[in-house]
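*Asks:* If you read the sequences in order, they're chains Z and P.
If you use this note's numbering, the first sequence corresponds to residues 171 to 568, in order.
If you use this note's numbering, the second sequence corresponds to residues 36 to 196, in order.
Since the hints were derived computationally from the structure, they do not count as laboratory data.
Not close to chain Z: a few residues of chain P, all C-beta gaps over 10 angstroms, as computed:
#1 ALA115
#2 VAL186
#3 ALA192
Covered stretches of chain P (chain Z as the covering partner; in silico rule of three or more C-beta atoms under 8 angstroms from a C-beta of chain Z):
#4 45–55
#5 116–128
#6 166–173
Computed Cβ-Cβ distance ranges for the label pairs, DEER-style:
#7 THR372/Z to GLY181/P: 16 to 26 angstroms
#8 GLY181/P to ARG346/Z: 23 to 33 angstroms
#9 GLY181/P to GLN200/Z: 46 to 56 angstroms
#10 LEU82/P to ARG332/Z: 38 to 48 angstroms
#11 PRO220/Z to ARG191/P: 47 to 57 angstroms
Glycine is no exception: its CB is placed at the ideal position from the N, C-alpha and C atoms.
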Amino acid sequence: MFGLVLLIGLPIVIITGLLDYAAYGPQFGQALPRDVGWLRPPPFEWPTRPDWLFRVSQGLHVILGIVLVPVVLAKLWSVIPKLFAWPPVRSTAQLLERLSLLLLVGGILFQIATGLLNVQYAYLFGFDFYTAHYFGGWVFIAAFVSHVALKLPRMISALRSRPFLAELRQGPDDTRPEPPDPDGLVAPRPGPATVSRRGALTLVGGLSLLLGGLTVGQTTDGPLRRTALLMPRGRQPGTGPNGFPVNRSAAAAGVTQERTGPGWRLTLAAAGRTVTLDRQQLLALPQHTATLPIACVEGWSTRQTWTGVRLRDLAAIAGAGEPASALVRSLERAGLFNQAQLQSNQILGPDSLLALKVNGVDLALDHGYPARVIVPALPGVHCTKWVATIDFRTTAGG
Amino acid sequence: MARPPGRLATGYGSGLLHLVVNVGGLTVAGWVALRLADEPAAGRILLWFVGAAIAHDLVLFPLYSGADAGLRRLLRASGATTAPGRVRILNHIRVPALAAGLTFLIYLPGILGLGKVTYQAATGQHRQQLLGEWLTLVAVLFAVSGVVYAVRVGRRARHGD
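The whole structure should be built from the sequences, with the hints applied where relevant.
*Replies:* The following block contains the structure:
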């Protein structure tokens, strides 16, 4: 039963994880890790519609990943006799199988551990998270596919061996041990049942619900956010129009008031020409307002109302009518995400903005003042803050 | 499965599908291992990968099953009922204890306030230790479980059992 839940749930976590990679624009070499050989999802242009795409896909990846932890642990508990089987290796086949199981079990636990530490900002492991989680994911995918290919018939026969609903009606006192199974997983001398099968399933389901309930709040705005009691994004950092959560503070990015003050200029470049605008000139251009979610790879998200200049209007001002891509650079000098390249659809979309205001007021410095990019369904870290230059390119890649 | 074992089965120990599928999975892992071998932290990644399995199988599992065995022994020694048909307290302790252990493991960085520097850089906030919040959660879980136990005992008594 736990196997069936994982057979449905884990592929969703895997696919949303690979979608996350695709969302970062691997065609521009800006998905991490960069060099992945042939272990990559098929290339496609990440869409800008629906605007909740990344919020939902990445929210699912993180929340479902956490919700499935009790199921994974229950599954491991149910097969633990295998670990202590003696003698440990009887044949070449068994040696290969045990190695594959190490990849399966090590893989899922490695992904859970690194993922949990990443979403909670505790990099205890001392290696690059992106590299480890990406390749760890592929090791797990391969082991998972092997395991399903070999064990699916076994799962189906086990589920068919007893009437499921009748089992669920039994209390602990009527619960009888299973007959000995070919895999030797049934206890040879079981004690009296202390939990019914219904109870065991309810317990694991309940624990999953508890974890889900303690996590899902990080994707909401308003009082419900507090329900993510133990998560880093379980509270609103402030009040007012700029009171929503920040990803990377201005202080951490080394962006100061002086560099964002009246001396700040936006430089637009296209085909060897540059145009420079100050904030007043930007505010004098036609303004567009859009209410869009912004979502982080860590699974949390928020929805705000952004106002600013359409990126396609800026492309026109720069003299790049139909740009193939645009490289946006931040005032931030160091840092992995101090620049991001946007696809054509991400520049030309009607709601793709260089935002100057949020919820009717100027952006706070931590939210990217004087100007930041907001593109629907684009991962939060690619919605570059403290924008300094936008370089429009008319040929792809370049 | 009902076919008589062929030469592969006797020499290898299983069928062709088993061989192909396992070799396929191991090949992907081998390719990844070769690719990561040049990483500066390759050793640590391997350590965490194998360590995750060991930590579960040889630390976490003995710990929770040992705690469960201890709890049952304690209840027997204290004369708690294990008779069929009676309300038993065992699961009313097991369930909140399991939930407490699980939430502690999952939300460990927040509860212990780990990674203060990265947390502040990311959120712009000081990391508060959430131990108090977690202890409150655990207290609520045990309290709810206790109330359910009391209701079950009371109901059983009223129905004259």
